[in-house]
Amino acid sequence: MLELADVHAYYGNIRALRGLSLSVERGEIVTLIGANGAGKTTTLRTILGLVRPRRGHVSFNGQRLDSLGTDRIVRLGIAQSPEGRHIFPRMTVLENLELGAFARPDRDGIAPDLERVFSLFPRLRERIAQKGGTLSGGEQQMLAISRALMARPGLLLLDEPSMGLSPILVDTIFRIIEDINRQGTTILLVEQNARMALRVAHRGYVIQTGRVVMHDTAAALWRSDLVRKTYLGEK
Amino acid sequence: MKRLGPAALVVALLAYPFVDKALGLHTVHAVSDGMIYMLLALGLNIVVGYAGLLDLGYAAFFAIGAYAMGLLNSPVLGSPLYGHAWSFWVCIWVAAAVSALLGLVIGAPTLRVRGDYLAIITLGFGEIIPVAIRNLGDVTIEIGGWRPIERLNLTGGENGVNPVGRPHLPGVPFETDPMPWYFLILIIGAASVWAMSRLRDSRLGRAWMAIREDETAADCTGVNPISTKLLAFALGASFSGFAGSVYAAKLQAITPGAFEFQVSIMLLCMVVLGGAGSLRGVVLGAMLITIFDRVILSQTTFLVRAIGRTTGVSALTAVDLTLWRWFFFGLGLVLVMLLRPQGLAGRRVRPVAGGDADDETAVPEPSAPPRLEAVPEWLRTRAAGVDASAAALDVRGLTKSFGGVVALNQVDLTVPRGAIIGLIGPNGAGKTTFFNVVTGLVRPDAGRITFAGGSLVGLRPNAIVARGIARTFQSIRLFAHMSVLDNVLVGEHCRLESSVAGAVVRPPSVVAEEQRARERARSLLAFVGLADKEEDLARNLPYGDQRRLEIARALATEPRLLLLDEPTAGMNPRETEALTELIGLLRRELTLSILLIEHDMEVVMGISDRISVLDYGTRIAEGTPAEIQRHARVIEAYLGTGYEAEAAGQSGPR
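Just so you know, the protein sequences line up as chains A and B, in that order.
Just so we're aligned: 81 in numbering that gives the first Met the number 0 is position 82 of the first sequence, and the numbers increase by one with no gaps anywhere.
Just so we're aligned: 389 in numbering that gives the first Met the number 0 is position 390 of the second sequence, and the numbers increase by one with no gaps anywhere.
Everything labelled a hint here was simulated from the structure, so no lab data went into it.
It cannot be assumed that every hint is accurate.
Reference excerpt, derived from the structure (chain B facing chain A, CB under 10 angstroms, subset only) [stated by the list, open to error]:
id: 1; residue: THR109
id: 2; residue: PRO147
id: 3; residue: MET570
id: 4; residue: THR640
Computed from a predicted structure; not experimentally measured.
Each residue gets a CB set at the ideal place from its N, CA and C atoms; glycine is no exception.
Whole structure, please, built from the sequences with the hints as guidance.
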């Protein structure tokens, strides 16, 4: 479904990705694991066309993405919940969510999805008329994820969805990830909470300094010494 | 080679008027005028480039400087004010002082606004001054039939002030020769550049840039935004006072038309073209625009006309390119913004460290765990000198609501000296609001906050930092375009004492203080593991390093209480572990009190002495970690049942 082949990407003259290759098949949950600065967020930004690869290519359902604008890529059915939230602070919760559905062709599907999002995060329903910028950090995180869900994407990119959420919501978030995956959404997940990420994912890639150093099924990664020591924090 | 450049520049500047005279070029007048505009642009750079306050009416200060000179040093006007012309050498200082004072006056109402609003206010001010000058040339006050003041000429009105007295210096022919003017302006300009460069690299310069980068964060790091911004306006205006007074005396006449909106815009163009915040850039920008305006446009006009005459194209012979100057300025500005938005000499964003480590595929260097001996010695000494009984936070009945939403409801909380207190609760429970109230960003509706025996309610954030409370932010708020070292130095701001004069003159005490500040900042960076990155821009650091830098900046304020808002968010388990150790070390070695908002239960339960739980703004539980873990309401609202499962044993993937 999604394929990155030998992607090199730069920020100015900083090499962020150095020949990164990965693939995501339809129906999968794939997780990217790596330290801060390894290139995980850059990978997601490259898929969305926010960063242009200098070499290599990105394709989605056989179509090259690396020359398309971000708005076109989103219309192809890819949505992202960005790290650091990036909600629209001066718009209400409802308006934020409606904007998530901006590029959807099926207008009829929006109302039920709105309902679904509110049942996932009752807190957002309580805050429906509040401006996004007045929400607490964790509530903004819920809003960012919900906004991405409103696009009803074929492929959902999640960047640190559990960041800043209470333990009970971390559980909820990962349950939601599994749920929407079962309903047919393919998911590429970046997460510092490697333990939780490997628990829900089918496969995972370990990224170091801009390239893939290991990829395997989640279960195999869970057992690997490298992952256990470096990313699960075991001694 | 390095020394040769400046030396050659000095020789060239000194030799230029003589060369001009020998060759009979007669350009000294024009060059001197250009240098006055350069000085204005440099003054504007303090406001726009350093402090980040967009000023669209800067020409007003130019006018004030010029009129201060004109009114005090002109023998002709009829009002009693002008009976005795003062000496130029006195007036120039008066002009600078008056401009600085009016800088404060216009600065004061703009303190609460930023960005667009500030720009609009300054725009208004820039319009008011020339209009006021025009209208004050003919003032009549009529009350009934009585006219106490009739046709009083205060400013010369539309006709301006003419003549303005020249400077007198025995043996120096200011009357006949442009050369003394050139050297007078050169001396003022050189002294200004010298003073500005010293200001930039001082405690005050760092505070300006911190305000520009993030005013809230600067406030919470101990920088008083009010006095810092006012100083930017006042100092920026004082330089234009010098420029205006020299301009008036040199030109021998001033009219309100010389200080219109276009002048403000041209000055802004100079700053932006060269690179806001860069002295060299602003000088370059001012030079380019002046040369273009005064030389290139007129010369090209001649050339085009000459071509027109020789080729017989009559359309070309009538061309006057000088009428197109604003077109070219506009075009130039658009091109610079598109191609080089940081300006011609603006600072390039430097790459992050380790950018060319090509072949490493091994495990990345795990962030080194903090070592005991790495705790900066000076922090230890400071910690030892604090009265043990006093340093504690005590909050009683704290209440705050936003609109209809109660964010905090009668919250009590105590942080004893040397304790680590966890503050947890569901998202939106009011934890960060609690931090904001304690640090003075938000005023409480009710309740008491005492720290080290004194009340904190009503104090400004920077005053609370000075009392010994420092914080970090949930969504990291560093000074993004400042170096890592400068970020920490801003933290020391409230513990340093150098004044404006001290920053410029640099007496030994200031030099020593600055030296010590840098040593302390470096030892803090070494402590948090950023020793090799002090020159990087903060924005180029990876996420985990940014979190550590924020803690170093907070420690630089020499806090007795540290408020950490989700310090391990976005960190992997290894990094989390290192940070947890660091927090423990701070408490053990420095008896620092720590209040911690954190969602990683391993961290909170592991290092907290006691934990308070908020839900919907109300404290629902307080106790030891073990008590909190068993607390039914906490499990229901916050921990969830999954937490117990995870704590019990680590299950693998499905």
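Quick rundown of the hints versus the structure:
For THR109 (chain B), the suggested interface contact is broken, since its CB lies about 22 angstroms from the closest CB of chain A, more than 10 angstroms. With a cut of 10 angstroms, the hint placing PRO147 (chain B) at the interface with chain A is violated, because the nearest CB-to-CB distance is about 53 angstroms. For MET570 (chain B), the shortest C-beta to C-beta distance to chain A is roughly 6 angstroms, which falls under 10 angstroms, so the interface hint holds. Interface restraint check for THR640 (chain B): the shortest CB-CB distance to chain A comes to about 8 angstroms, inside 10 angstroms, so the restraint holds.
Hint check: violations occur at hints 1, 2; the rest are consistent with the structure.
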